[in-house]
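Can you make the complete structure from the sequences, with help from the hints?
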Amino acid sequence: MTGGPAGAYERMLAVAVAALHERDPERLWPLVAASLPELCGGEALIYKLGEWTDRTGAMGLSPAAAAHLGRIDDDAMAVLRRGYPFADHYATAGAARRPGTAHRMAGRGWARSRTAGTVGRLLDADHVLAIPLPGTATPVTGCLVYRAGTDFTEDHVRAAEQLQPLLAGVEQQRQLLERWRATTAPPEAPELASDSRLTPRQVTVLLLLADALTASAIAHRLGISVRTVHKHVEGLYRKLGTRDRVSTVLRAQEIGLLPGRAGRWSEGQ
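Using our numbering, you'd call the opening residue of the sequence shown number 1131 and step up by one each time.
Hints are computed from structural coordinates only; laboratory data are not their basis.
If you're wondering where the values come from, they're calculated on a predicted model, not measured in any experiment.
For glycine and all other residues, C-beta sits at the position ideal for the given N, C-alpha and C.
Treat the hints with care, since some could be wrong.
[Unchecked claim] Beta-carbon label-pair distances, calculated as ranges:
no.: 1; residue 1: 1264; residue 2: 1357; range: 22 to 28 Å
no.: 2; residue 1: 1196; residue 2: 1355; range: 19 to 25 Å
no.: 3; residue 1: 1243; residue 2: 1181; range: 20 to 26 Å
no.: 4; residue 1: 1151; residue 2: 1309; range: 16 to 22 Å
no.: 5; residue 1: 1208; residue 2: 1355; range: 42 to 48 Å
no.: 6; residue 1: 1347; residue 2: 1243; range: 40 to 46 Å
no.: 7; residue 1: 1347; residue 2: 1266; range: 16 to 22 Å
no.: 8; residue 1: 1267; residue 2: 1154; range: 44 to 50 Å
no.: 9; residue 1: 1181; residue 2: 1205; range: 51 to 57 Å
no.: 10; residue 1: 1353; residue 2: 1188; range: 23 to 29 Å
no.: 11; residue 1: 1376; residue 2: 1354; range: 20 to 26 Å
Take a look at the structure:
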């Protein structure tokens, strides 16, 4: 892999930073999906973020995967959705959420499986690397990366493991932006939000302030320093014309950036 695991992390960090500056939650994972396969030695990628059975649940595709799967039939889709052999592996009590390959998990059974046949027919690939999102409970939440030829190397697996926290951060940002979109109620809220010129990261911090999280708790949640949290909070004060947390949350509610809530926050640092 060009640049090795360290190079992959640096390149993925650039993608994650771009994603964290994206205001539209629907564009976060497509940004990641376009770059992640190459960084892990793959050629195509499928990702899933929520509950997913063999018949339901949305999934996203990298451009290469989308080109191959444009006309996939329902039976083939069901095979891919089952996530063999990863679903069974990660569903096992105590199973680590470390990335792994289908061949290493299933042994000789992988090449003979219906899933391998479907992957070969649809994606022209022989091997799959699973990158589960850390901290999730569903068995195959995360990414499946595909490649032809030889299996993913241990370097590829280590690179994927290094990238897991970044992927988790992107998903957390997506959920917070989705929540913000769903709960900003007044019809004029989009215009007000635009006028406030909040960055996506400031929106995230604002949502967590409204949940009464301290600066330390916000820093831990977002994987940033307390000092950085304070800088984001100061930016919120400046843009919203406020001087403390309570007035900031109240102002955000007033202009439609947050839904109305009472008594859930304090001045705690």
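Cβ distance range 20 to 26 Å for residue 1243 and residue 1181, holds or violated = holds, 24 Å
Falls inside 16 to 22 Å, the C-beta gap from residue 1347 to residue 1266?
-> Check passed, 20 Å falls within 16 to 22 Å.
May I ask you to test the hint 42 to 48 Å on the CB atoms belonging to residue 1208 and residue 1355?
-> holds, 45 Å
Beta-carbon spacing of residue 1196 to residue 1355 - inside the hinted bounds 19 to 25 Å or not | At 38 Å between Cβs, range violated.
Is the distance from the Cβ of residue 1376 to the Cβ of residue 1354 consistent with 20 to 26 Å?
-> Cβ of residue 1376 to Cβ of residue 1354: about 23 Å, so the range 20 to 26 Å holds.
Is it true that residue 1267 and residue 1154 lie within 44 to 50 Å of each other by Cβ?
-> 27 Å Cβ-Cβ, so the 44 to 50 Å window is violated.
Does the Cβ-Cβ separation between residue 1151 and residue 1309 fall within 16 to 22 Å?
-> holds, 18 Å
Supplied distance hint 23 to 29 Å, evaluated on CB atoms of residue 1353 and residue 1188 = Given about 26 Å between the Cβ atoms, the range holds.
Pairwise beta carbon distance, residue 1347 to residue 1243, judged against the given window 40 to 46 Å = holds, 44 Å
In this structure, is the beta-carbon distance linking residue 1264 and residue 1357 contained in 22 to 28 Å?
-> Between residue 1264 and residue 1357, where Cβ atoms are some 25 Å apart, the hint holds.
Status of the given 51 to 57 Å range, CB of residue 1205 versus CB of residue 1181 = violated, 21 Å
The structure shown violates the earlier hints numbered 2, 8 and 9.
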